Amino acid sequence: MANNFYSPETLKHFRNPHNYGDIKNADGVGEAGNIICGDVMSLYIKVKKDRHGKEVIEAVKFKTYGCAAAIATSSVITDLVKGKTIDEALTISKGNIVDVLKGLPPIKIHCSILAIDALGEAIYQYLLKHKQPIPKDLETKHLRIEKSKLNFQERYNKWQEATKKH
Amino acid sequence: MVKQIYLDYAATTPVDPRVLKLMMPFFTKKFGNTMSLHRLGQEANNSVEDARKIIADFIGASPEEIVFTSSASESNNLALKGTAFANKIRKKNHIIVTKIEHDCVMESAHWLQQQGFKVTYLTVDKFGLVDPEELKKAINSNTLLVSIIHGNNEIGSVQDIKKIGKICHDHNVYFHTDASQSIGKIPINVKEMNIDMLTASSHKIYGPKGVACLYVNKRVLIEPIIHGGGHEKGLRSSTTNAAGIVGFGAAVDIFNKEGKKETLRLKGLRDSLIKKILKNIKGTRLNGHPVSRLANNVNISFIGVEGESLTMELDFNGIAVSTGSACSSKTLEPSHVLTACGLKPEEAHGSIRFSIGRWTKEEDIDYTVKTLIKVVNKLRQFSPFYHGK
Numbered sequence: 013m014a015n016n017f018y019s020p021e022t023l024k025h026f027r028n029p030h031n032y033g034d035i036k037n038a039d040g041v042g043e044a045g046n047i048i049c050g051d052v053m054s055l056y057i058k059v060k061k062d063r064h065g066k067e068v069i070e071a072v073k074f075k076t077y078g079c080a081a082a083i084a085t086s087s088v089i090t091d092l093v094k095g096k097t098i099d100e101a102l103t104i105s106k107g108n109i110v111d112v113l114k115g116l117p118p119i120k121i122h123c124s125i126l127a128i129d130a131l132g133e134a135i136y137q138y139l140l141k142h143k144q145p146i147p148k149d150l151e152t153k154h155l156r157i158e159k160s161k162l163n164f165q166e167r168y169n170k171w172q173e174a175t176k177k178h
Numbered sequence: 036m037v038k039q040i041y042l043d044y045a046a047t048t049p050v051d052p053r054v055l056k057l058m059m060p061f062f063t064k065k066f067g068n069t070m071s072l073h074r075l076g077q078e079a080n081n082s083v084e085d086a087r088k089i090i091a092d093f094i095g096a097s098p099e100e101i102v103f104t105s106s107a108s109e110s111n112n113l114a115l116k117g118t119a120f121a122n123k124i125r126k127k128n129h130i131i132v133t134k135i136e137h138d139c140v141m142e143s144a145h146w147l148q149q150q151g152f153k154v155t156y157l158t159v160d161k162f163g164l165v166d167p168e169e170l171k172k173a174i175n176s177n178t179l180l181v182s183i184i185h186g187n188n189e190i191g192s193v194q195d196i197k198k199i200g201k202i203c204h205d206h207n208v209y210f211h212t213d214a215s216q217s218i219g220k221i222p223i224n225v226k227e228m229n230i231d232m233l234t235a236s237s238h239k240i241y242g243p244k245g246v247a248c249l250y251v252n253k254r255v256l257i258e259p260i261i262h263g264g265g266h267e268k269g270l271r272s273s274t275t276n277a278a279g280i281v282g283f284g285a286a287v288d289i290f291n292k293e294g295k296k297e298t299l300r301l302k303g304l305r306d307s308l309i310k311k312i313l314k315n316i317k318g319t320r321l322n323g324h325p326v327s328r329l330a331n332n333v334n335i336s337f338i339g340v341e342g343e344s345l346t347m348e349l350d351f352n353g354i355a356v357s358t359g360s361a362c363s364s365k366t367l368e369p370s371h372v373l374t375a376c377g378l379k380p381e382e383a384h385g386s387i388r389f390s391i392g393r394w395t396k397e398e399d400i401d402y403t404v405k406t407l408i409k410v411v412n413k414l415r416q417f418s419p420f421y422h423g424k
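In order, the protein sequence lines correspond to chains A and B.
Just so it is clear: in the first sequence, position 81 is 93 by the numbering used here, and no numbers are missing.
Just so it is clear: in the second sequence, position 282 is 317 by the numbering used here, and no numbers are missing.
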């Protein structure tokens, strides 16, 4: 179908997203986004040591509430992450996602950041759980995401307050 | 070949073939400028005046009270800015609008605020209705104009404009209403309903795009916002869009003959669509007023599903609708109308407007509901917010 807003690749991932759902007993769950802006993503990872002793993300799933771009970027990041070591996964950038989708409309670029944030959070949780050192960049990013979550919670509460009279 | 079901008549309508037929000669044979003295010009002018009379009669106005413009946006800009500036000499600098106006009224009001005018934005209840008592309280001795949308373009709620107009007149305040969505669906008589200015648009009623009008009561002090050759009694200069105006008139004329019956039919389809969605899909809610509602408007929130995704999925299945989701807007903010009605973010983002029209059939409603069940279930599988509750 002709749609000049999204690339055919984006529409393909949106209509048939890969790896959706959740993982029971996941090793890490990353959450990013907020309901006020209308994009919320949860990324689940299962990590296993390969025969060289490296930690490999063997399974990854997502659940996303959001627009076509948010669902497509969720699908793409699961493809990119699957089978990668933790270190490799941490090098994935929003540019990698946008490349796979052959471009995103400028206003939708933030959706690719959402996916990267959710992945970072999932890995952060995994490392924390296994008492492993957390790279400085990841720590900084985690603090930024935590802060913005608090920020949005406050905005949400204000919203509830403002609409209470209804 | 995928079906094509158009349920976005509130965005725009196709031109009725009967309207197009009457317009055609004005592009090639009757192309004269209405300001020209020769026969070609006067012939075009006569047809424009015929259309003016049809439209004036339709709303109970006099032909000289109809000003043709290029769009409802222009009409609304003219109503607000034109009266604001013309009445500066009366030291009236306060305007009242609601929080659910169309962007063209909202942005005009914001702009007037920047120019030093005072603006009050009235709240609405959860159904999108204005409380007349709130309006009374908001009016003060400096109030010049009240502008309130008749039938809301997003949620379809219809205001009691007769009562609102009465309050305005009791306080000696001008009353403007944007009737872009309601004209043809609700009978309007500007004199009986205490309306001083009214906006109506051609492309919402099966006429061409690029033409609309503003009814301006003779007693209203107003200035043009487009200056030039003095067309439209000096209120709106520009070479007259004769073909468009003839089409607008023809479109209105069809409502003279068929409007009543069509509205009844639309109400039946509307209620059927609402009932079938609410019954067959869990986690849905109707937005806007259940009864005081435009005959062609259905606005529903699907919990756990984001509106842009749903719009896209429906489009893949051949169904064209609109959404109030932030993701579909340029600002990434959810619709100000839904927010004003107190919807939670997750409800506002999951809202879809279905607007039916002249060529919608009962089988289209059934196909839409069937498709909705399928795609809503599909999208909810990806959603972290829906667990079958």
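Among the clues, some could well be false.
[To be verified] Examples of chain A residues lying across from chain B (beta carbon under 8 Å, computed): (1) 20; (2) 26; (3) 27; (4) 38; (5) 48; (6) 79; (7) 136; (8) 169; (9) 171.
Quick caveat, the hints were computed from the structure, so don't treat them as lab data.
Bear in mind the structure is a predicted one, so any value in this text is a computation, not a measurement.
Positions of the beta carbon are idealized from the N, C-alpha and C atoms, including for glycine.
Here's how the hints hold up against the structure:
no.	hint	verdict
1	20	violated, 13 Å
2	26	holds, 7 Å
3	27	holds, 7 Å
4	38	violated, 13 Å
5	48	holds, 5 Å
6	79	holds, 4 Å
7	136	violated, 19 Å
8	169	violated, 12 Å
9	171	holds, 7 Å
The earlier numbered hints that this structure contradicts are 1, 4, 7 and 8.
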